[in-house]
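A.B. asks: Sequence:
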Amino acid sequence: MYSLEDLRTFVEIADRGGITAAARSMGAAPATISHRLSKLEDHLGVSLFHRNSRNVSLSVEGEAFRSRVVAILDELTNAETDIGGHGSLLKGHLRVTMAPWILSRFVLPLLERLRDQHPGLTFEFLASDRYVNLVEEQQDCAIRVGRLHDSSLLSRKIADNHRILCAAPGYLKSFGVPAQPRDLGSHRAVCLPWQRSWEFDGVKGPANMPGDTLLVSNSDSLTDAAIHGHGIALKSRLAVASEMDRGELVEVLPGALSSPEAPISVLRPPNLKGSRKVDAFSDFVRSGFSGFNSN
1 MYSLEDLRTF VEIADRGGIT AAARSMGAAP ATISHRLSKL EDHLGVSLFH RNSRNVSLSV
61 EGEAFRSRVV AILDELTNAE TDIGGHGSLL KGHLRVTMAP WILSRFVLPL LERLRDQHPG
121 LTFEFLASDR YVNLVEEQQD CAIRVGRLHD SSLLSRKIAD NHRILCAAPG YLKSFGVPAQ
181 PRDLGSHRAV CLPWQRSWEF DGVKGPANMP GDTLLVSNSD SLTDAAIHGH GIALKSRLAV
241 ASEMDRGELV EVLPGALSSP EAPISVLRPP NLKGSRKVDA FSDFVRSGFS GFNSN
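Every letter in the sequence shown is one number past the one before it in our numbering, and letter 125, counting from 1, is 125.
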């Protein structure tokens with residue numbers, strides 16, 4: 001029969017990406033970690049990892065098992081801390097995905113405060129503008145921008161936000177300031193690959209998109225490209241608030257976009273509904289958006 005420590009070891013191997021890294025994290029010998037994993041796999045009758053000479057990766061069965069085990073261990077930790085009177089102490093590894101601009105501007109500058117408050121927590125951030133499936137990519141939660149479409153996830157709105165069009169003053173001096181969407185035909189744009197359609201009130205279809213478009217791979221690069229005068233960009237207002245305050249970017253066609261609302265939310269899978277470490281991180285992120293919070 002496997003033990004609770006075997007389950008914790010399994011999760012650590014999955015989170016750290018290998019037996020040696022898990023052993024280092026847990027302060028145990030690699031042989032001990034390997035033995036615990038073998039005992040667990042023997043009992044379950046499945047291989048939880050694909051192994052090669054360099055690393056391990058979760059099998060399909062391992063991914064499903066990890067999702068259930070993490071929820072069980074979180075709930076057990078909650079019970080232990082509540083009963084033991086140590087409700088403020090959290091332990092564990094937290095995986096979070098978010099857009100690069102949220103990580104660089106709202107999370108990393110304040111993260112030390114959360115680490116000081118909960119020294120038992122470790123973090124792993126996946127900074128990406130693409131859609132990340134939380135279950136398939138083993139993320140505990142996500143910070144997302146915009147209207148939510150995945151009803152299977154639990155969400156908490158933490159800040160109001162709107163999308164705007166913006167450009168550098170130098171660019172507008174060279175190309176002119178568009179007065180209406182149809183003027184964009186003579187302009188340049190900088191976009192993420194999936195932003196090739198801008199929707200405006202009273203205008204159907206993407207016909208008024210600038211014809212000369214520069215594509216970049218992530219939201220921070222998009223901001224940099226706009227600042228350097230490569231064209232008009234579609235951005236979250238919160239993502240470029242500092243640049244607009246400094247006059248590096250100015251809003252273009254204010255109020256012209258259709259449905260510009262893009263609130264910031266924290267999402268988690270249903271199996272992590274009662275996770276105190278996700279709750280703590282969600283509270284921390286909300287405080288980072290102080291002044292933009294939605295009740």
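Careful: at least some of the hints might be erroneous.
[As the list claims (entries may be wrong)] Think about it this way: if two alpha-carbon atoms lie no more than 27 Å apart in a straight line, the pair counts; the simulated DSS-like pairs of lysine-lysine are: (1) Lys-273 with Lys-157; (2) Lys-91 with Lys-273; (3) Lys-91 with Lys-173; (4) Lys-91 with Lys-39.
[To be verified] Computed spacing ranges between beta-carbons, pair by pair: (5) Gly-176 with Glu-63: 47 to 55 Å; (6) Glu-75 with Arg-182: 55 to 63 Å; (7) Ile-72 with Val-177: 53 to 61 Å; (8) Gly-17 with Asp-212: 19 to 27 Å; (9) Glu-61 with Ala-28: 22 to 30 Å; (10) Val-46 with Ser-242: 29 to 37 Å; (11) Lys-91 with Gly-17: 13 to 21 Å.
Because the hints were derived from the structure by calculation, they are not lab data.
No residue lacks a Cβ here, since even glycine has one placed at the ideal position from N, Cα and C.
A.B. asks: Next step is simple, just say for each hint if it's right about the structure.
C.D. replies: Each hint, compared with the structure:
{"no.": "1", "hint": "Lys-273 with Lys-157", "result": "holds (15 Å)"}
{"no.": "2", "hint": "Lys-91 with Lys-273", "result": "holds (17 Å)"}
{"no.": "3", "hint": "Lys-91 with Lys-173", "result": "violated (54 Å)"}
{"no.": "4", "hint": "Lys-91 with Lys-39", "result": "holds (25 Å)"}
{"no.": "5", "hint": "Gly-176 with Glu-63: 47 to 55 Å", "result": "holds (53 Å)"}
{"no.": "6", "hint": "Glu-75 with Arg-182: 55 to 63 Å", "result": "holds (57 Å)"}
{"no.": "7", "hint": "Ile-72 with Val-177: 53 to 61 Å", "result": "holds (58 Å)"}
{"no.": "8", "hint": "Gly-17 with Asp-212: 19 to 27 Å", "result": "violated (43 Å)"}
{"no.": "9", "hint": "Glu-61 with Ala-28: 22 to 30 Å", "result": "holds (24 Å)"}
{"no.": "10", "hint": "Val-46 with Ser-242: 29 to 37 Å", "result": "violated (50 Å)"}
{"no.": "11", "hint": "Lys-91 with Gly-17: 13 to 21 Å", "result": "holds (20 Å)"}
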